[in-house]
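Engineer: Here is what each chain is made of, one letter per residue.
Number of protein chains: 2
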Amino acid sequence: MREEIEIGIREAIPTDAEALLDCLERTAVQTGFMTMGEEGSGLTVEEESQHIANIYDSPNNCLIVALIEDKIIGMATIHASNKPKIQHIGELGIVVDKEYWGFKIGTELLQEVLDWAEASEMINRIELKVQKRNERAIHLYEKYGFELEGIMERGVKDNGEYLPVCMMAKLI
Amino acid sequence: MREEIEIGIREAIPTDAEALLDCLERTAVQTGFMTMGEEGSGLTVEEESQHIANIYDSPNNCLIVALIEDKIIGMATIHASNKPKIQHIGELGIVVDKEYWGFKIGTELLQEVLDWAEASEMINRIELKVQKRNERAIHLYEKYGFELEGIMERGVKDNGEYLPVCMMAKLI
Numbered sequence: 001m002r003e004e005i006e007i008g009i010r011e012a013i014p015t016d017a018e019a020l021l022d023c024l025e026r027t028a029v030q031t032g033f034m035t036m037g038e039e040g041s042g043l044t045v046e047e048e049s050q051h052i053a054n055i056y057d058s059p060n061n062c063l064i065v066a067l068i069e070d071k072i073i074g075m076a077t078i079h080a081s082n083k084p085k086i087q088h089i090g091e092l093g094i095v096v097d098k099e100y101w102g103f104k105i106g107t108e109l110l111q112e113v114l115d116w117a118e119a120s121e122m123i124n125r126i127e128l129k130v131q132k133r134n135e136r137a138i139h140l141y142e143k144y145g146f147e148l149e150g151i152m153e154r155g156v157k158d159n160g161e162y163l164p165v166c167m168m169a170k171l172i
Numbered sequence: 173m174r175e176e177i178e179i180g181i182r183e184a185i186p187t188d189a190e191a192l193l194d195c196l197e198r199t200a201v202q203t204g205f206m207t208m209g210e211e212g213s214g215l216t217v218e219e220e221s222q223h224i225a226n227i228y229d230s231p232n233n234c235l236i237v238a239l240i241e242d243k244i245i246g247m248a249t250i251h252a253s254n255k256p257k258i259q260h261i262g263e264l265g266i267v268v269d270k271e272y273w274g275f276k277i278g279t280e281l282l283q284e285v286l287d288w289a290e291a292s293e294m295i296n297r298i299e300l301k302v303q304k305r306n307e308r309a310i311h312l313y314e315k316y317g318f319e320l321e322g323i324m325e326r327g328v329k330d331n332g333e334y335l336p337v338c339m340m341a342k343l344i
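Protein chains in written order, with this note's numbering: chain A, 1 to 172; chain B, 173 to 344.
Since the hints were made in silico from the structure, they are not lab data. Note that beta-carbon positions come from the ideal geometry of N, C-alpha and C, so glycine has one too. Treat the hints with care, as some may be off.
Claimed, not checked - Among chain A residues calculated to face chain B with C-beta under 10 Å, some are:
| id | residue |
| --- | --- |
| 1 | A19 |
| 2 | G37 |
| 3 | E127 |
Taking the hints into account, I'd like the entire structure generated from these sequences.
Structural biologist: Shown next, in the form of structure tokens:
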């Protein structure tokens, strides 16, 4: 018998703040792939709640969460500036709780956030940074049409070691 | 007889706030090279003053100004994150009032900010974005050891047109 996990995918709402901070705190120390480390986001639940509300109301920012019941186990974000000259550029970030790797949650989050961006009136370039050693993620992004634009030497420092970071982008 | 202009170069202090905002407002509309446009910084003098104080006290952020008497005619900034994994990366920005192009002010600002970065205990990668059409600036950066890492398609929108942006970096 095959185990089925019921996973919900939807835009985040302010009351997700606590579950979202929990997810960030867990995932930040599971791998060295995130820019955030054990220092955490530094945000209170109230600040995060306001942050989510601002994103929800923004035409070029987006936050999608993956849930099992009330637990957030992954998220995809599009962050864009409000400066007119660059408001068409969305920076993508995806994180999935390591406990739930292998269930295609990253793929589902990516599809959802790309659908959101395509439906938006503003975003027509999605860019991202991903560590060169994170081959699983790079493979996923390539499969969805992202192209390598450059490699940043010393793009991140993890455990005292400087690592290269790939810059990828997809025009939509 | 050759005209001499006396130009001061130094770190910005909080009381420079008003002159700095004036400079940003002038330069933002002189060319299409800046990411900021006619919308301006949106900061009050008081906010800018606090911002300068924060930069002045930061170990990995820096703001250098070029002055003629009390007028700020150019600036160089290093902006870095406080996240441990990327606090070694400084993003460089330089702007010079178009009225004063041709006096090597950009070169002096760049030298000063590189000296600052080399003396800092934290910064060992300086990166920047520059529009591909801004050949004068690219030439200056190359002369000072910056290398092209990639080209961002649609990296900026100016007058309704999408333009490529170069990402350059220098390891120190």
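Engineer: It remains to establish, for every hint, whether it holds in the given structure.
Structural biologist: Each hint tested on the structure:
Because the beta carbon of A19(A) sits about 22 Å from the nearest beta carbon in chain B, more than 10 Å, this interface hint is broken. Interface restraint check for G37(A): the shortest CB-CB distance to chain B comes to about 6 Å, inside 10 Å, so the restraint holds. Look at E127(A): its Cβ gets to within about 7 Å of chain B, closer than 10 Å, so that hint holds up.
Hint 1 from the earlier list is the only one contradicted by this structure; the remaining hints agree with it.
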